[in-house]
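**Student:** Chain residues, written in single-letter form:
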Amino acid sequence: MAINKQHAIDPDKCTACTICITACPVTAATRKFRGPKMTGPALTRLRKLVSDDDPMLDYCSNCKTCDLVCPSGVPISTLNMMAKNEYYKTHPRKSRADDMLAHSEKMGKLITALPMGSTFAGMGMAIGKAFNMMNAMGITQNAKMPTYASESFISKFKKIKQTSYPRKVVFFSGCYINYNQPEVGVDLVKVYQKNEVEVAVDEKFVCCGSPMVSGGYIDDARINAAKNVKLLKGWVDKGYDIVTACTSCGLMLKQEYQELFDFAGMADYAEHMYDSIEYLAKLNDEGKFNTDFVENSTKYIYHAPCHLKVQAIGRPSMELLPLIPGMQIEEADAGCCGISGSYGFKADKNEIAMKVGSKLFARIKNSHADLGVSECGTCRLQMENGSGVHAIHPLTVFKKAYGL
Amino acid sequence: MRKSDILIIGNGISGLFAACIAADMGKKVQILSYGAGTLTIGGGIIDVLGYTDDGKPIENPVLGADKMASGHPYSKVGAQTVDKALRAFLKIAESEGFPYIGSPDKNQWVPTAIGNFKPSCLVPRTMNSQAIFDAENILVVGFDTMKDFYANMVTKNLRKHLKSDKNIEEFVVQLNFEYGRDLRDISAMDVARWLETKEGYNAFVNQVKAHIKNSTAIVLPPVLGLDPNYQILDSLEKDLGCKLVEVSSLPPAVTGTRLDKMLNSYAKKHGVQIIEKARVVGSEVADGKCQAVITEGFDRQRKFYADQFILATGGVYGGGLIAGIGSMVEPVFNINIDVPKVQTEWSYKHLFADKKQIFAQYGVNVDNDLTPVAADGSKIASNVKVVGRSLAGYDFCYEKSGNGVALITAYKAAAAFCGEA
Amino acid sequence: MLKTTVVVIGGGATGVGILRDLSMRGVDTILVERDDLGYWTSSRFHGLLHSGGRYAVKDKEAAKECIEENTILRRIGRHCVEATESIFVRAPEDSEEYEHEWVKSCAECGISAIPISMDEAFKLEPNLSRKLLSAYRCPGAAIDGFRLLWQTVASANKYGGKAMTYMEVTGIETENGEVVGVRIRDRWTGREDKIACDFVISAAGSFSGEVAKLAGLTVNVKPSKGTLIAFNHRICNRVIHRLHKSSDADIFVPHGSITILGTTSIDSAPDDTSTETAEVVEMMKVGEVTFENIYDYRILRVFAGTRPLYSADPNAKGRSASRGFVALDHAHEGVKHFFSVCGGKFTTYRLMAEKVCNMVCEQLGVNEKCHTAEENLVDDPSPELINRAKAVFPSYGAELASSRLGNDKLERVIERIEKQPEMKELVCECENVTRAEIEEIAGEPTSHTVSDVRRRTRLGMGTCQGTFCAYRSVGAIDKEDVPWSKDTVNLCKDFLETRWKGIRPVLWGNMLRDIELTRAIYDAALNLSGVEDIK
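Protein chains in written order, with my numbering: chain A, 1 to 404; chain B, 1001 to 1421; chain C, 2001 to 2535.
Excised from the complex, chain A in its bound form (with noise of 0.2 angstroms):
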């Protein structure tokens, strides 16, 4: 059942127990920031009353640990988030960082449409970090940036020939797939085939907003909204799910549109949503998941993404990639990866993020593993930061391990 809109803004179920305080990852990390309770639901109430200068609020990253863990359903995160917005329309932001990455399908549709293509895409924003331009945007130094790819997604995937079936799904790739790593959506439509699915795409579809409303600019993000929740509905009526690769993608178009918009047929589309690893566990659960593999001997970590936990659909990969023969692989269980999105890109969120972090890196590097697996982009940018151990989306793996 969705959260009615009404009940967004409605800090009522919070009793203060405390909960989300002891599992908040950047609570932990820093006392710069007031713990979820407070910057939620308790000052909710005080907003309503009095305006104030709050440095706290933009320290939430919105990672979502907060909801995961309250007893009592209140939409923490979201609450934060509200907040912010609302916030900066009164107040100065802090550095420009919000805006750009924030706004980062802009930069991707930037860099990619560049007439120097490959050779200048590759580097990606390293440019601007040789420029030193970073720093007085108030971006990171210290963290390895995304990179672009020379051809987007979807220009790719105009070249997949794919046999027809049945079985039809529309992918929504997201920014970071469409712009950074277009051959985790290229995997994603080869695993597919294999399995007998049809993937379509639609160019129409934008930034889904998860970016846009952490970075406290929800209003961008329901101009978004609007345009994709028509545009899945439509699909939804043709028959077709919907898969996402990316778990902060699926979140944001199944979850906090509900709690943050009320735009008509969300809840009708969202019922046919899936993660892409949730879609083959689907297929597992009815018999049809093709598991014709080739042996792996690589050892591999997994680390569930924050925004995966908070889904509901439990750790499908975790399901599925041992079925793959030879497999060894182990879930990290260390907590958030502290990048949260764009947070962590952030000049004087980084270190925050890097402590946040720190488990997981130390987990990654004391397990010996080959590789990392991840569902979400960014986690894996940073699982890379952090351990130095490389790693790849569990399509991927799939890819590998259909021989292809």
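There's no promise every hint is true.
Stated by the list, open to error - Quick list of simulated restraints, FRET-style, between CB atoms:
1. A:T90 with B:G1271: 44 to 54 angstroms
2. C:S2112 with A:E203: 48 to 58 angstroms
3. C:L2385 with A:E203: 58 to 68 angstroms
4. C:V2281 with A:N366: 51 to 61 angstroms
Stated by the list, open to error - Each computed DMTMM-like pair below joins lysine to aspartate or glutamate, with the alpha-carbon atoms no more than 25 angstroms apart:
5. B:K1341 with C:E2292
6. A:K359 with B:D1227
7. C:K2419 with B:D1227
8. C:K2419 with A:D54
9. B:K1166 with C:E2480
10. B:K1355 with C:E2497
11. A:K400 with A:D370
12. B:K1269 with A:E331
13. A:K365 with B:E1096
14. A:K32 with C:E2418
15. C:K2409 with B:D1182
16. B:K1268 with A:E331
17. A:K48 with C:D2119
18. A:K355 with B:E1196
19. B:K1355 with C:E2093
Don't read these hints as lab results, they were simulated from the structure. Glycine is no exception: its CB is placed at the ideal position from the N, C-alpha and C atoms.
The hints should help you fit chains B and C onto chain A, whose structure is shown.
**Tutor:** Chains B and C alone, transformed into the frame defined by chain A:
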């Protein structure tokens, strides 16, 4: 088909413990959880039975449990189960490297954050209060800017409760944390994190050391590490040459979090699968048996199948029971709890009523096998067992029996499902 | 023995209004209150500053008084008033003719009532029921009873007026049919004393009968109990009235961080502040017409107060000083210089005081006119002080603390935090009350219990209803310079019991969840009710 042998609804102490026991016995166990269990705001100690119905302290919880009136969960499971379950818990704690002290047949008095004592049965070594009774000198250690522990109040009240020949003093450790408008208040968790750092540890030792005399016990807030191990306690006891005792305190609960981590770790090691944020809204019961439970989220309903089900959703606080105006219901199996229509009849005039509160005893009625039964005594679903706070017939606050009932009924249910009656 | 010209009995709105008025006219006055200021009726109401709209049709004179006093209080009491404005809404079941009559009456009384479209109304107040038909904006407001009382006394203090709390009047002494003094007893120390005086004014509200009895007189007050529901957050940002003939449960007042719905009317004993579930259920039914999702909103607590309605005794020879309240000069019954003031409304407390003081001053031969409408109760804090506050208080704290405390105390609290930054620690996280505020108020001689501190600071009045701050506040005040802090266990217990009283009749949903948490902390973890001796 996603199907487990035993599906447990709820990951509080009773759900996790049932999972540990069942997984230990080779069952495929899945837990559906919605939010962290109240374990993480609790004290992390195992109260089994502290007081009789008329408020007399109980020395031996197993004997006490044996004397409970019918209707009490202990009278349903029997005193033998009490003993077995607690020993199973001790074993798990031991194997996780976080052994608890105490014995099922003896209560111990644990100091509290207000400076009095409460009876409990099994406690982590960080709360071994025997040191307080043995030592000649008690040093109550607070932290200058930490919230939720007041060394002066604890000292004053301890003096009221302990023999007058004891020398009880307070000492406040200077944290020297940065402080200002844009930095949040300091909690016990922050201090625990500080003690986990080298600088914090050394600063603590250096400041406290001078105040340790022969035969001293330190009483302090729960700050001896965030994880289920005794590394900090052991080093401090060695470096300071005295015993340290953490008090039973209010949330956010460092001690409860340790126990939560310990049980989660054991469960996961033994193959228990936990699905988080899974809100169970109903069940499918056919031919007197539960076939599946149904979850609901922002997307769609999902069914989870199993041979056997353990309902460990907690009481009103945990969401396992929903209280309305003149009504109470258990939402998964839609069991109506018989409560007075007039709300004021749910309670006594005083909150601290010096007897069991009426509303605290509301819950699901079960038979002696913990199977939920309807008002006419018929089983609601024969392959379901109800454990922990959802159960009727006890007031954990008054009796001091919370985690005890949770562990003991969870053990009984899991063992019965695994064929060990 | 103390000596003064006038003794005022009763520290409610009427009493403090009289204290301030007389003090400003240069008359020596002492107020004695048996409990804390505003313990009774003056805090057990909506917190509504009437625009007069509610009385426009029925009683134009009362309506006019309301709008005039409303205008004055918004000015002189701006730190107690939240100038929210109000909206009158008509539901399908309310009479359309009444609406027309009401619009006309408001115009006649000088009450601004601006019609707005329902779309506009829903934009202003998104939670209003979509079934409502018409809406008008009026100049109603929210007013904080506790704060108004303390600030009125603070203003009186500047003119030499004095208020003594927890001081029970045990006798009224007369000589030759004339008042000569009152006997008093300190309820904390038990010490007895006498105040010699020339005049006694009883402003004891619902207890006026009891006070009159001390002088061998009868005053016929018929207390009428009204129940109110406090909700956990601001359901609305303006006062919402139903546009119909005044009735039960038809007013919602946003009050600080909460919303109050009231009220009912039932004959009662003067000290009956009990509440029943059945009343709440009935009120919710009525409230649902205005806010259709009312059952989703969390109730914090319920409370009740008694209106001191005066029942005209055929034998009484009082004269009506104004509609809605009476000032009885008991000289007609053989006791000179003894007045009883009964009835009245919170909104018009200043006007009532003015009229009573005119009568008294006439007999005293004091010619000084009333100045209470001309001077603010407390000075505005200077921008420098506000800036100092903003530099030390946690977010959202400076403004709240400044309106709670008034300038002098605000400055002292700021100094505390400047000296010891950790004093900005939030003892009450729900209402943003700092440790510095708690320690400052607890150390005042007028504070004797945690509840006294609560009334001054809003400690424990938010979401958790004392679950966390009972322990914290008791720990914070457990100091040598707070003489009443010795028995910490019972201070905790007593404070939680007062919170429990308001929760018990509404023990469902999150209210019960919260009580479970309270018990888990104070009974299970801290063992407050456990056995004392542990061998």
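**Student:** For every hint, state whether the structure bears it out.
**Tutor:** Outcome of the hint check:
Separated by about 53 angstroms at the C-beta atoms, T90 (chain A) and G1271 (chain B) satisfy the suggested range of 44 to 54 angstroms. The supplied range of 48 to 58 angstroms is met by S2112 (chain C) and E203 (chain A), whose beta-carbon atoms lie about 56 angstroms from each other. Between L2385 (chain C) and E203 (chain A) the CB atoms are about 60 angstroms apart, so this pair conforms to the stated range of 58 to 68 angstroms. Checked against the hint of 51 to 61 angstroms, the C-beta distance between V2281 (chain C) and N366 (chain A) comes to roughly 60 angstroms, which is consistent with it.
For the hint linking K1341 (chain B) to E2292 (chain C), the alpha-carbon distance of about 24 angstroms falls within 25 angstroms, and the restraint holds. For the hint pairing K359 (chain A) with D1227 (chain B), the CA-to-CA distance comes to about 13 angstroms; that is within 25 angstroms, so the pair holds. For the proposed pair K2419 (chain C) and D1227 (chain B), the alpha carbon gap of about 36 angstroms is over 25 angstroms, so the pair is violated. For the hint linking K2419 (chain C) to D54 (chain A), the alpha-carbon distance of about 23 angstroms falls within 25 angstroms, and the restraint holds.
Taking the CA atoms of K1166 (chain B) and E2480 (chain C), the gap is about 23 angstroms. The hint holds against a cut of 25 angstroms. Proposed proximity of K1355 (chain B) and E2497 (chain C) is supported: the alpha carbons are some 15 angstroms apart, at most 25 angstroms. Proposed proximity of K400 (chain A) and D370 (chain A) is supported: the alpha carbons are some 15 angstroms apart, at most 25 angstroms. The suggested pairing of K1269 (chain B) with E331 (chain A) holds, with an alpha-carbon distance near 11 angstroms, which does not exceed 25 angstroms.
Between K365 (chain A) and E1096 (chain B), the direct Cα distance comes to roughly 23 angstroms. Compliance with the 25 angstroms bound is thereby established for this hinted pair. Restraint check for K32 (chain A) and E2418 (chain C): the C-alpha separation of about 19 angstroms stays at or below 25 angstroms, so the hint holds. At roughly 23 angstroms between alpha-carbon atoms, K2409 (chain C) and D1182 (chain B) fall within 25 angstroms of each other, so this suggested pair holds. Distance check on the hinted pair: K1268 (chain B) and E331 (chain A) sit about 10 angstroms apart at the alpha-carbon level, within 25 angstroms; holds.
Our distance criterion of 25 angstroms between C-alpha atoms is met by K48 (chain A) and D2119 (chain C), whose separation comes to about 21 angstroms. A distance of roughly 14 angstroms separates the Cα atoms of K355 (chain A) and E1196 (chain B); the hinted pair therefore holds under the 25 angstroms criterion. With a C-alpha separation of about 48 angstroms, the suggested pair K1355 (chain B) and E2093 (chain C) falls outside the 25 angstroms cut-off, and the hint is violated.
Comparing the model with each earlier hint shows violations of hints 7, 19; every other hint is respected.
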